[in-house]
Every structure is written in C-alpha cells, then in structure tokens.
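Take the given structure of chain A and dock chains B and C to it, following the hints.
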Amino acid sequence: MTTFVLVHGAWGGAHTWRSVRPLLRTAGHAVFTPALTGIGERSHLVSPQVGLTTHVDDVANQIFYEGLDDIVLLGFSYGGMVITGALEHVGDRVRELVYLDAFVPDDGRSVVDLGGFDAGGPPGIGADWSIPPRVRTFDDPAEAAFAEPRRTPQPARTFTEPVRLARPLETLGIGLTYVKATRDARVSDRPDPFWEAADRVRDHPSWRYREIDSNHMVPQNRPAELAEVLFSLG
Amino acid sequence: MTTFVLVHGAWGGAHTWRSVRPLLRTAGHAVFTPALTGIGERSHLVSPQVGLTTHVDDVANQIFYEGLDDIVLLGFSYGGMVITGALEHVGDRVRELVYLDAFVPDDGRSVVDLGGFDAGGPPGIGADWSIPPRVRTFDDPAEAAFAEPRRTPQPARTFTEPVRLARPLETLGIGLTYVKATRDARVSDRPDPFWEAADRVRDHPSWRYREIDSNHMVPQNRPAELAEVLFSLG
Amino acid sequence: MTTFVLVHGAWGGAHTWRSVRPLLRTAGHAVFTPALTGIGERSHLVSPQVGLTTHVDDVANQIFYEGLDDIVLLGFSYGGMVITGALEHVGDRVRELVYLDAFVPDDGRSVVDLGGFDAGGPPGIGADWSIPPRVRTFDDPAEAAFAEPRRTPQPARTFTEPVRLARPLETLGIGLTYVKATRDARVSDRPDPFWEAADRVRDHPSWRYREIDSNHMVPQNRPAELAEVLFSLG
Numbered sequence: 001m002t003t004f005v006l007v008h009g010a011w012g013g014a015h016t017w018r019s020v021r022p023l024l025r026t027a028g029h030a031v032f033t034p035a036l037t038g039i040g041e042r043s044h045l046v047s048p049q050v051g052l053t054t055h056v057d058d059v060a061n062q063i064f065y066e067g068l069d070d071i072v073l074l075g076f077s078y079g080g081m082v083i084t085g086a087l088e089h090v091g092d093r094v095r096e097l098v099y100l101d102a103f104v105p106d107d108g109r110s111v112v113d114l115g116g117f118d119a120g121g122p123p124g125i126g127a128d129w130s131i132p133p134r135v136r137t138f139d140d141p142a143e144a145a146f147a148e149p150r151r152t153p154q155p156a157r158t159f160t161e162p163v164r165l166a167r168p169l170e171t172l173g174i175g176l177t178y179v180k181a182t183r184d185a186r187v188s189d190r191p192d193p194f195w196e197a198a199d200r201v202r203d204h205p206s207w208r209y210r211e212i213d214s215n216h217m218v219p220q221n222r223p224a225e226l227a228e229v230l231f232s233l234g
Numbered sequence: 001m002t003t004f005v006l007v008h009g010a011w012g013g014a015h016t017w018r019s020v021r022p023l024l025r026t027a028g029h030a031v032f033t034p035a036l037t038g039i040g041e042r043s044h045l046v047s048p049q050v051g052l053t054t055h056v057d058d059v060a061n062q063i064f065y066e067g068l069d070d071i072v073l074l075g076f077s078y079g080g081m082v083i084t085g086a087l088e089h090v091g092d093r094v095r096e097l098v099y100l101d102a103f104v105p106d107d108g109r110s111v112v113d114l115g116g117f118d119a120g121g122p123p124g125i126g127a128d129w130s131i132p133p134r135v136r137t138f139d140d141p142a143e144a145a146f147a148e149p150r151r152t153p154q155p156a157r158t159f160t161e162p163v164r165l166a167r168p169l170e171t172l173g174i175g176l177t178y179v180k181a182t183r184d185a186r187v188s189d190r191p192d193p194f195w196e197a198a199d200r201v202r203d204h205p206s207w208r209y210r211e212i213d214s215n216h217m218v219p220q221n222r223p224a225e226l227a228e229v230l231f232s233l234g
Numbered sequence: 001m002t003t004f005v006l007v008h009g010a011w012g013g014a015h016t017w018r019s020v021r022p023l024l025r026t027a028g029h030a031v032f033t034p035a036l037t038g039i040g041e042r043s044h045l046v047s048p049q050v051g052l053t054t055h056v057d058d059v060a061n062q063i064f065y066e067g068l069d070d071i072v073l074l075g076f077s078y079g080g081m082v083i084t085g086a087l088e089h090v091g092d093r094v095r096e097l098v099y100l101d102a103f104v105p106d107d108g109r110s111v112v113d114l115g116g117f118d119a120g121g122p123p124g125i126g127a128d129w130s131i132p133p134r135v136r137t138f139d140d141p142a143e144a145a146f147a148e149p150r151r152t153p154q155p156a157r158t159f160t161e162p163v164r165l166a167r168p169l170e171t172l173g174i175g176l177t178y179v180k181a182t183r184d185a186r187v188s189d190r191p192d193p194f195w196e197a198a199d200r201v202r203d204h205p206s207w208r209y210r211e212i213d214s215n216h217m218v219p220q221n222r223p224a225e226l227a228e229v230l231f232s233l234g
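Chains as they are written, first to last, in my numbering: chain A, 1 to 234; chain B, 1 to 234; chain C, 1 to 234.
Next up, chain A with everything else stripped away, as it sits in the complex:
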C-alpha cells in the first residue's frame, strides 16, 4: 500500500484527479488530492494575497494533519512548483517525487521566470492580480463539458512568488521521476518549461524519465496510463 498525494495544476482543482483516484484506490492505495486555495473548489478563498506559499502550506498541512508518511508526492504542471516548495516542510515524509508535465524549479525561481508568463502586476491603480485560464483540450467531450466550466482564474502571486529549495533535488535522497506528455509539440517562440524539464532530467542518473502519449491534460485524458506509471514506481 502506497500513499499518494497528487497536486493539481493552475486553474484546476482536486477534481482534476476524479478519474485517477478510483484506479489507485481499487489497487489498494491511499490517495490524497489537496485542493489549492483560491482556485477550483477553493475559489471562494481567492485573494491577491494567495501565493505559492499558500499552496505549499495547503499541501504541507494536509500531510501534517492527515499524518502521512512514506509518500509518493506528485505535482502536475504548476503543481511541480508546489511539491518542490513543500519539501522544506515535509521532505522527510516523501519517498518519491513525481513531476507530471510540470515545472521543475531550482531555488529562487518562479513560474514567471520559467514559463514566459506575463503575470499580473504589482499593486497599483487597476492592477490585475488574476490570470484567466488558458485554453486546454480534453479528448472526451463529456470530460470537456465537466472540466471547462470548473477552470477558474489563478491569482498572479502564485506565478510570481519564488520557490524555496534548500538543496538541489538530486541531493535529497528522494526518488525522482519526470513524466512528459509528448503530444504537445515544443514551442519555440517562448520558453517551454515542460520540455526544458524533460531535457534536463532525461539522461540524468538521479531521475527516471517516462513518456505518455497525450497532450498536457494527462490526468483527464490518460488516467489509466498515468496509473500504470505510478504502479511501476514500486
């Protein structure tokens, strides 16, 4: 029995995992899917004050309060920022980190640094602190009808706040896996952080590298393939 903690991405919510949870639970595993503050089911708590630190606390406190240990901690997309920041607090409770088509930040980096996003500005007259959802593609029209209305704006501070990571990931003694969704072609006119992360880790001896033939929305479009990858981590 493995304890999985699955962290969703920007503009998402815990419902991102609704097709993945039953696959893992039926196989006998424990699955926790923290809902990040200010988006999805926690959108009633949104504020310009919500930042990456808030989301790190969301994940760390679910782990603390549920008393979880020996965790496989997965971050999807922006969730890669969150699981990286959570290591400061719960690193000793994590057995394996899984970055699923995700940011793999070094210390002090933010989504804006890595992703070429224009995030909302600083305080000021007419300051825009909320970033509308990016268009995403769901293979199943029924899933699209479910997921699209549930995509919510993302508070900009989650993209501008830098992550803290005391030591490089490869020195922590935690297993490292990167899973790339390969159906999205690499973009060339701006940074492509998820392909750049793949380049960084593909041949690195500290990392396992896996691919899934899907666009970015793996949790909704390829839940069974994702579950297979997770089972294979042992």
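Treat each hint with caution, since some may be false.
Over the 10 Å line for every Cβ pair with chain B, so calculated as not near, a few chain A residues [to be verified]:
#1 Gln62
#2 Val135
#3 Phe138
Cβ-to-Cβ under 8 Å is the rule here; a few derived chain C residues that face chain A [unchecked claim]:
#4 Gln49
#5 Thr54
#6 His89
#7 Ala119
#8 Pro123
#9 Ile125
I should point out that these hints are in silico values taken from the structure, not numbers from a laboratory.
Bear in mind that the values here come from a model prediction, so they are computed numbers and not experimental data.
Note that beta-carbon positions come from the ideal geometry of N, C-alpha and C, so glycine has one too.
Same frame as chain A, now just chains B and C:
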C-alpha cells in the same frame, strides 16, 4: 474641535475625501477616513470573504484604536450601511450620524434588499462574487481623470449581508442628519433607496434634513457645500 | 507643504502617530499614516497569510490611491522593512526616506535575519504563526494606559519574508536620513539591528544621521523632537 469619521461608498476608497479633509482640518477639526477592505487602496485585500461585517469592523476598529469619542460619523452612499452596523460596537462614542445620499437601513436589511441590485450569487461553478463599478459622473474633468481609474469592483457579500441594528436609529439618543443630493432624478423602474430615505426622514422630528444641489458624488463635486453642512451641525 | 507618509512598527498601528500628526498638520503639512494589515486597527484582518508583502502593498496602495508624490516616507522600527520594500513600487514618488530607529535591510534580508528573532515556524501541527508583543516603555503613564492595550500580536510571516530592493538605497537618488533613539543601550548578547544600522550610516556621505534622546518609542515619547527633525529635512 469636532472629530469627524467619514466613511466612503461602494467601489470607492479613502481618497473619496481628498477634497473634504483639508477643508475640515483647516477649520481645526480632526478627520478620520477609514479605508474599507477590498476596495480602493485596500483592493489588494479583496476576497469573496469580505462582507458588510468586515467593513463594520474596519470602522469600529479605527474608532477603538484611535480612541475616538464624541464623533460625527458620516456614511456616504453604501457607507450608510457601514455606519449603521458600526453602532452595535461604537454607538456610545457617536454624537451625530450623518447619512450623505446614503442607505438608511432598518435592522436585518441589506443593499440587495434596499437597492434592487443583482448581487453575485452563492458559491458555485462560475460564481460571480465581484460587482463591477457603476458609472458615476464627476463635474470636473480633472477629478474624473483622478477618480475613475480608482473605482474598483466591490465584493458582493458587502451587498448581500444584512445589517444588525439592535434598536431603531431614532431611539438611540444620537443626532440624525440626512443630506440628499438633489440633482439625480428619482428613478421609477426600480427602487431608489436614497430618495426613499429622504422621504422617510424629511419631516421626521428626530431628523435634520439638508439638500445639496449635486449629483450623487457630493464628496468630489461639492466638497465646500458638504463642509458647510458639517460645520452647521454644531 | 510636505507630504509625509509615516509607517508604524510591529505590534503597532496608525494610532502610533496620534501625537505626531497634529504637530505636522498644524504646520501645514499633509500626513498619511497607513494602518498595516493584521495589527492594531486592522487586527480583525489577521491571518498566517499576512506577510511583509501585504504591508508593502498597504503602503504602496495608499500612495497610489491618494495620488501622493514628492513624499517624505518614514518607517519606524519594523516600518523600515516596509518602506524599503515599497520602493519597488513607489520609489519614484519618494523624495526622502527616514528610518526612525528602524531596520535598514539589504535586498533579500528579513527581520529574522537581522534581528535575532525567533519567528513562528513553518506550517505544521501546532504551528505558531503569531508573535506576542514585546514589552515597551512609555514615559507618560497616560500614554502607557492608551498604548499598551492596543499592542497586538504580529503575524510571523512579516518577520520571515525577505524584502526586495533592486538597487542599494544609496544609489536611488533619494535623500536618506537615519534617526537613532539613543537611550536604549546597545545589547550585546544578540544582534542589535537599530544600533547596527546607526553604525552603518553614521559617517556615510549619502546619509544624514540624527539622534533623539529617547527609548525606542519615539513617536509616543518624543513627538515634538521628532517633528523638529522632520521639519529640518526641508
């Protein structure tokens, strides 16, 4: 020397009073202009959680922490809701209430009840918790250029949360003044809460009733006339 | 006529300035005293999420929304962190910076870094995110009776979050003044950030250095002397 506490309206901010403050201070009075959470200069603190109670606390806590007493407490427009709710906490520190083209709510009433507003709904998919600014008219183009970009969305809970008022205003032993801006014609296709308030108090023996020949934006458009009314309250 | 923006310290509030404001206003100056979120009159907004960034936004947004320019921006004690961080947003609106017995941080430094504080910990079971007020001494018993009950706990994130300062203070083309309260002896068993700041700037050609014979609580204990220093800045 009188202590004035001036409470701004919806979509506004403490800067509403920038032309009024110097007139009162030059005449030797103390002037406090609390900034309501989530709008104007406090827009970085906005959240769906911000409601009428938050604003009542904003005003009551400024009065408590500054140690103010024997106050002339003025509410402009939506500020009438706020000063009414503040009486529960600081009623014994208020000498005179001034409603400036404002809501004059009975216990248990909200802006939505009184004003015919469609406020944002309860939580839900796509819930809209923020109400865009209404268009307002400033007589001076320079003031318009200053004020219009500073109008911010108003969190809906400030309009849906009912006010608490333990006893009718007329029984509190506090002076009562209503100031109507008379240049805005009464609307007939929906409730007109500021004219309805004028009707209620115009001939009431407990109230003083004054008029200023202006549209609704008296603090910006008629600061000198407003100061004269305030000086006349003694 | 000068525009003063006075930023209070930890465990304080805008009421810190109640004896200073009238001295400056009577002399014809404009005075703004932003209330920092989560303490003093804004203690009803306290939360573990409140950090240095929140306070920087409090000050920057008051300056933006009031349309202030050519400012003398003063930070008292912890307020030195806040005015330093505000320069990122409003540096071009500041004529003179005044640090009053205050932190003078370099880029990336926090109160915990500078001050030898034990701040509250990270998220976790029983996490302590609130720092009780330090004991302070007020010369006048009446002032003590007023001020002491108004001292509120300080959210720890204001002490742990590092400040951002793109370029050293001395290169910004803004006047720099440090005012040391000299009656508190330097402590030797832990860092003494306010004396260390005095050492840094005392003979620096970019700084003016002044002393006031008082303990740390200059705004309450020496308002007239403080006003004289401010008048002397021209």
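Going through the hints against the structure:
1. Gln62: holds, 21 Å
2. Val135: With a cut-off of 10 Å, Val135(A) remains clear of chain B, as the shortest Cβ separation is near 16 Å.
3. Phe138: holds, 16 Å
4. Gln49: holds, 5 Å
5. Thr54: Interface hint status for Thr54(C): holds (6 Å vs cutoff 8 Å).
6. His89: holds, 5 Å
7. Ala119: Violated, about 14 Å.
8. Pro123: This hint holds: Pro123(C) lies near chain A, its Cβ roughly 4 Å from the closest one there, short of 8 Å.
9. Ile125: holds, 5 Å
Violation of the numbered hints given earlier is confined to hint 7; every other hint is satisfied by the structure.
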